[in-house]
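Quick note, the sequences are listed as chains Y and B, same order.
Letter 554 of the first sequence, counting from 1, is numbered 554 in my numbering, and no numbers are missing.
Letter 284 of the second sequence, counting from 1, is numbered 284 in my numbering, and no numbers are missing.
Hints were generated in silico from the structure; no laboratory data involved.
Do not take every clue at face value.
Unchecked claim - Facing chain Y, a subset of chain B residues (Cβ under 7 Å, in silico):
1) Pro31
2) Ala40
3) Val41
4) Thr42
5) His52
6) Pro78
7) Tyr82
8) Ala83
9) Ser84
10) Ala156
11) Ile157
12) Ala164
13) Ser165
14) Ile252
15) Pro256
16) Arg269
As the list claims (entries may be wrong) - Calculated pairs, BS3-like style, for lysine-lysine (alpha carbon to alpha carbon, straight line, at most 30 Å):
17) Y:Lys431 x B:Lys57
18) B:Lys57 x Y:Lys157
19) B:Lys39 x Y:Lys159
20) B:Lys39 x Y:Lys490
Stated by the list, open to error - Computed spacing ranges between beta-carbons, pair by pair:
21) B:Met26 x Y:Glu494: 53 to 59 Å
22) Y:Lys41 x B:Phe155: 30 to 36 Å
23) B:Met26 x Y:Pro386: 46 to 52 Å
24) B:Phe155 x Y:Asp438: 42 to 48 Å
This one's a predicted model, so the numbers in the text were calculated from it and none came from an experiment.
Every residue gets a Cβ at the ideal spot worked out from N, C-alpha and C, and that includes glycine.
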Amino acid sequence: MIRRFFASFLSIIAVALFLTGCGKRNSGSSGYDAPIGEDGKKLMVYNAGNGAEPQDLDPQVVTGVPEHNLLMTLFEGLVSEDPQTLEPVPSMAESWDVSDDGLVYTFHLRENAKWSNGERIFAEDFVQSYKRMLTPAFAAEYSYLLWFVVGAEDYNKGKLDDYSKVGFKALDEQTLQVTLNNPTPFFLRILASHYAWYPVPLKVIAQFGSLTDKSTRWTQPGNMVSNGPFQLKEWSPNQRIVMERNPHYWDAATVKLDQVRYYPTEDISSEERTFRTGQLDKTNELPNAKIDAYRKNFPESLRIEPYLGIYYYRLNVTRPPLDDKRVRKALALAIDRESIVRNVTRGGQDPAYAVSYPGTAGYTPRAQLSGDLAEAKRLLAAAGFPNGENWPHVELLYNTSENHRAIAEAIQQMWRTNLGVDVQLTNQEWKVYLDSQDNQDYWVQRAGWIADYVDPNVFLEIWTTGNLNNDTGWSNAEYDQLAAAALAAKNDTERYEIYQRMDAILVDELPVIPIYYYKRVYAMNPKVKGYWPTLLDNHPLKYIYIEEEPEAAAETE
Amino acid sequence: MFRFIARRLLQIIPVLWFIVTATFFMIRFVPGGPFTAEKAVTPEILRNLEAHYGLDKPLYQQYFDYMGNLLLHGDLGPSFKYASRTVNEIIADKLPVSIELGAISLGIALVFGLILGVIAAIKRNSFFDYLASSVAMIGICVPTFVLGPLLVLFFAIHLGWFNASGWYTNIDRILPSATLGMVYAAYVARLTRGGMLEVLNQDYIRTARAKGASEFRVIFRHALRGGILPVISFLGPAIAGILTGSFVIETIFQIPGLGREFVNSAFNRDYTLVLGTVILYASLIVTLNLIVDVVQVWLNPKLKFE
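Bound-form chain B, shown alone (with noise of 0.2 Å):
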């Protein structure tokens, strides 16, 4: 297991370093910089500003000198557009905003996923599971920002429950989570029906049964361990999508995260953000997949570290 993992993490390095020299690159080769703006400046001014933050330098200058702040020091610049804070700053402040809001919506996706996925495999073809799996389709069906605008206007509009956007105290998170984790619950709900109903016919389930296990022993404690594995595998690339598509959640709901600086640092051709926002996102989405890998292994006694 450990050959395995340490095997994993030294091809993670040249992935990383893929992804960071191509970002640095196609960034800058998109037309449009930093300090393109509707009403131009003067040349001169252009110059005085590409030499105070020394664009003015040959792109494999910058390129060595942008990898050996980052390799030596973990600094990743100053930001182009917010002239007094620098990029681990900007990622220090936001990422716990979006990682709370991620957790949270993964909690409500797990929660309600399960749930509904368990039921409508117990109670197969029944009423409830028409129900949950009408829901389900519903819920992979709306996008966020349709569901959000609509969670808005009836609880914070018309029952006046909630604020409209804001993240200032712990009801702010209510709303926006929510949008974002039906939408995962929804997956995890289709995913453990299928993976129950797999399992609930396999002999060893009949063994439990026949040894007078209660229903809900059988349910819990041997089915539920093999029905809930695709929904592992999948947790992997829902994180990411959390992490990531948080964008339209925060800028729907006003909320401080990582997300928008994301994806505003491209329009902004922020490019010390981009290429910083980007190494985050690349780092989590490989060491979670890592993560998922292992545990998957773990769960599934079919499976081998090799």
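Extracted from the complex, chain Y is given alone in its bound form (with noise of 0.2 Å):
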């Protein structure tokens, strides 16, 4: 009996191990090669590594960065991105007027508009999208990104019960009207940029239930309808999500890749190993060890980016010692930033001495932190830390990573040696760390501010008291006055005349340390064309193609 169920038991594992060895490599349904078209020719497929899981589908429920990557392959907004500069190109909208005040801005849609089961899009589909957006029951994340349009805010947090007084107004089928709080001169880098400014197909998403509902099927294949270049064919989750051509989309003609898929990719390791058989042709990013090995030996294939974002270090100014700006300061000019981004981070990042990224749309930061070692240990005894004598407890938090950690004893260790104070460094895991941040239950904490879109606004305006994203506890009157005078302006001229005068504020008061400037690091198959470097890493799908190789050639090789 008990042999006989080993018996059967062996010989079911035997079966298994045969079968399992069956299976053939390139066999088309690898799940990474290209499949064969109706007119039996291979198709044009882009396989892309992706970070995380993605929450959703759904533009107004998402608030990540994988998911960003996602949503522009499949929805466009009023307006779009362009592939290299990433200024605002028609889109759902053929032109727009701006009125004199800056106030109102009237779209003219498309009359070829359309979803991708073919029907129209008119200037109301964006009306009611943004109702839904701003339904306080509906509990969008990112719909303080609409706050920017007369009544958004009110209406958004339950102040407002009656929509139409929101500054959403559809004129004519193809006319939508939006009338602002304040000129906002980045209106339009946000609407091309930013997913929360989408239309979402409302009558598709009735049928599968309430509107202000998050739970819903309407984002599952079969059912999802979008409005980009691609539409959502597959969604395997953590495997992966297939995207094909939108033959309904207004510029289906520029559109060249025959498929998208996306991989979610959590171990860059693992990604990494991924794209070396070929079985990727981008990874989401490429880990720092890697960097040298692919300068040397895969250069065609290193991609190194500007990346509009910082590293910065956060001081919580409600504690001592930092509440002293001397301190703040002698601690800031202590950091060798050179010698960080050179033998830490090596990925070709540059160093930041100051907070808004240099070259922001046409804006670059005049004040810069300045001053040499001397300076920082005279700014330290004069605080009353002659030689870091009766320095109080003060620790570093940073999340747990390898990354992180590696800049933070570089810097440790430069504060010791540079100003001989001791500083302690603590790591949390990522949500507790947040929290942490959340209650300035810290003194020193490293974090950084990746842009949504590209203006200097977006650094510059999370230091304003009551931001918050601020949480330093750190609060400038005259800083606040300018950032509300930015807002008002009347053009970038005046606009950034006023951000350099917050600029220099910063770098002065310091609430948080400037460390480096972000740069995007990873690898991408060299035969990927129609791709440029851009700030965001924004890079719109529909002029991507691959490169075909010669046939022939590759067979006589």
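Two chains, each in its own frame: build the complex with the hints.
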């Protein structure tokens, strides 16, 4: 009996092993290879690693970067991004007018603006989409990105019940009017770059449940309707998302790829190995330890590109000794940023001596952190800590990660050698760390900020009093006034001058210590074309294609 | 025997209740919540979100709601992170993948482990024994997150026989299952060798040989039955380990299994998904332990259902 049990058990395993051994690589169904189209030709497929598994594909529900990459493939807003400069270009709207006071935008929708089910998109679709986004019961996390519009904030907070008082109006089928609170010169850039402004197919959503229910099935393959260059074909969670051409897209002639496949790749070492077997055309990231090897062995695949973001240390200015501006400046001056980017991060990052990113939509901060070590020591002594004497307990908090630890250790060492002060390193798991930040329960905290749209405002507005991302306790009346004045400025020249003064205040007061400006580091198949480095790492998929290698040449090699 | 099983089943209920309750409250007391994000949301939006998911109710109320839905409808609730999916769907979707990975790995572990162990025991203190024991020792010492990438480097990148990651065709099953199975094969080999050596010295083996039974019959008919007992008792913890330990393999090989959800749900503070996976794994483990206990008594006449 028992013998029979084992015998059958072993034979089952033997059969299973035999069967699993029978597959063949490159059999077309391997999940990575290009399928054959109806005309017998190989389809043009772009395989890209995409970080974490997306929360969902509803542009009004999600919040992350991986989701952004997927949504900008599936949807388009009133305007979209130029593939090289990211400047707004016509999309669902073929043109627009702005009133002289900069408050009223009138968008003229194109006649062939359509959903992927072939139905037309009207101005009212936008008005109603934004209503869903702002409905309090729907609880959209990015609804505040619409608060530039008259009445939007009040409606979202439940203080205003009448949606007709919100500044979205459909003047006729093809004309949408948006009225803003302030001139907001970067309004079109947000519209182009952020999915919070995409329209959603309300008729389709309503088929699957209430419009304000986040958990309906409308984002499933077969149900989902979108308006971008591609439409959803398959979504296998934690495995891959496949999109195919949308035949009803207004600019379908420009689209070259037949399929786009995104793979969730949380483990970046595994992603890199998958790239090396040729399964991926692009990785989402590249492990730091691999950068030098790629420089040497695969320079044609290595991409190091500017990325509109800054790595900095937040200082809690409510806790001594960091409440003293001289101490903050001494700490900021005692960091050798050149050494950090050269020896620690090693991904071609640029040292940062100001908070704003140089060259953001034509703006570069003039004020730079300056002073030598002697100055740092003098400031520290003046604050009552000559050579680090009497230095109290201070901790440096970072979220658990090899890279952050390496930087923190380098800076800890620099402060010890250059100033004689000791800080202790503390690491916390991501959400615990965010909780400490929210509760301002830290001394020094590593942090970073990545821009959502290309405008210096993104780096400067967060340090105003009461901004939810400030979290330093720092508050400066002059700075707040300047921030408000900037939003009301008539043109960019005037506005950028105000930003110069704000940047100067930041490097003088130093509620944050800038350390370096980010770079995007990843690997990409050199055959991918129609792809340009951009500051937001946005790459509109409709321009991308894979350069075909001449088949005969490949055979003879 | 039925009284034994019934009594054990009754013991399982309070154990599971305790695990569910403790997990429910522990995850709530961890700092950070499902909507804690780097770009902070305004208090009004956060209140809307909490109301949307019923997190604004008192905690005891949420607990009773959750237990009610669980016991009456088997409903594990919506996932907080994956907006359009329920926990039941995620488990139904991912568990079969983890079970497939686990079953193949366990098969590999038993086949290789038993063969290595038996050879080592028969050829005791010979070259084969030392070789088998060394292989087993290496298997135990090299963690999966080292072995996995090494196998990928050699077989996928260098030789080009496999994909480096993915879970699409049968051939994609080989590297991950081998990685996960090897560690357990090593334990099985050591346990089999030990068990066999003990049994081979017993009187009844000598009797069998004296009766003229063939060496093959002595080993596989008489000795293995007793020699395998340590392996059987190891199977319970091994299966539990393979199931929960699949997280590393699933991450290294990009496999859409439940192990990844189990670990990531805690990082995401996806309360309902944490609870759902904990309940599932806890039930699986207590059930498997019960089965192992039953099989052990059944195989070993020296033990009784007491």
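Hints, one by one, checked against the model:
1. For Pro31 (chain B), the shortest C-beta to C-beta distance to chain Y is roughly 4 Å, which falls under 7 Å, so the interface hint holds.
2. A cut of 7 Å between beta carbons decides the hint on Ala40 (chain B): the least distance to chain Y is about 4 Å, and the hint holds.
3. The closest approach between the C-beta of Val41 (chain B) and any C-beta of chain Y is roughly 5 Å, which is under the 7 Å cut-off, so the hint is satisfied.
4. The beta carbon of Thr42 (chain B) is positioned within 7 Å of a beta carbon in chain Y (closest approach about 6 Å), and the interface hint is therefore held.
5. Of the supplied interface hints, the one on His52 (chain B) holds, with its beta-carbon coming within about 4 Å of a beta-carbon of chain Y, less than 7 Å.
6. Hint status for Pro78 (chain B): holds, given a least beta-carbon distance of 5 Å to chain Y, under 7 Å.
7. Residue-level restraint check for Tyr82 (chain B) holds (minimum Cβ-Cβ distance to chain Y is 6 Å; threshold 7 Å).
8. The criterion of a C-beta within 7 Å of any C-beta in chain Y is met by Ala83 (chain B), whose closest approach is roughly 4 Å, and the hint holds.
9. Satisfaction of the interface hint for Ser84 (chain B) is found here, the shortest Cβ-Cβ separation to chain Y being roughly 5 Å, below the 7 Å cut-off.
10. The closest approach between the C-beta of Ala156 (chain B) and any C-beta of chain Y is roughly 5 Å, which is under the 7 Å cut-off, so the hint is satisfied.
11. The closest approach between the C-beta of Ile157 (chain B) and any C-beta of chain Y is roughly 5 Å, which is under the 7 Å cut-off, so the hint is satisfied.
12. Hint status for Ala164 (chain B): holds, given a least beta-carbon distance of 4 Å to chain Y, under 7 Å.
13. Interface restraint check: Ser165 (chain B) against chain Y, minimum CB-CB distance 5 Å, threshold 7 Å, status holds.
14. Using the Cβ-Cβ criterion of 7 Å, the hint placing Ile252 (chain B) at the interface with chain Y is satisfied: the shortest such distance is roughly 5 Å.
15. Proximity of Pro256 (chain B) to chain Y holds as hinted, the smallest CB-CB distance being about 4 Å (cut-off 7 Å).
16. Interface hint at Arg269 (chain B): satisfied, since its Cβ lies 6 Å from the closest Cβ of chain Y, which is below the 7 Å cut-off.
17. With a C-alpha separation of about 22 Å, the suggested pair Lys431 (chain Y) and Lys57 (chain B) falls inside the 30 Å cut-off, and the hint holds.
18. In summary, the hint linking Lys57 (chain B) to Lys157 (chain Y) is supported, as the alpha carbons are separated by about 20 Å, within the 30 Å threshold.
19. Restraint check for Lys39 (chain B) and Lys159 (chain Y): the C-alpha separation of about 24 Å stays at or below 30 Å, so the hint holds.
20. For the hint linking Lys39 (chain B) to Lys490 (chain Y), the alpha-carbon distance of about 29 Å falls within 30 Å, and the restraint holds.
21. Under the hint 53 to 59 Å, the C-beta atoms of Met26 (chain B) and Glu494 (chain Y), about 55 Å apart, fit the expected range.
22. At about 32 Å, the beta-carbon gap between Lys41 (chain Y) and Phe155 (chain B) stays in the expected band of 30 to 36 Å.
23. For Met26 (chain B) paired with Pro386 (chain Y), a C-beta distance near 48 Å keeps the hint of 46 to 52 Å intact.
24. Under the hint 42 to 48 Å, the C-beta atoms of Phe155 (chain B) and Asp438 (chain Y), about 47 Å apart, fit the expected range.
Of the numbered hints listed earlier, not one is contradicted by the structure.
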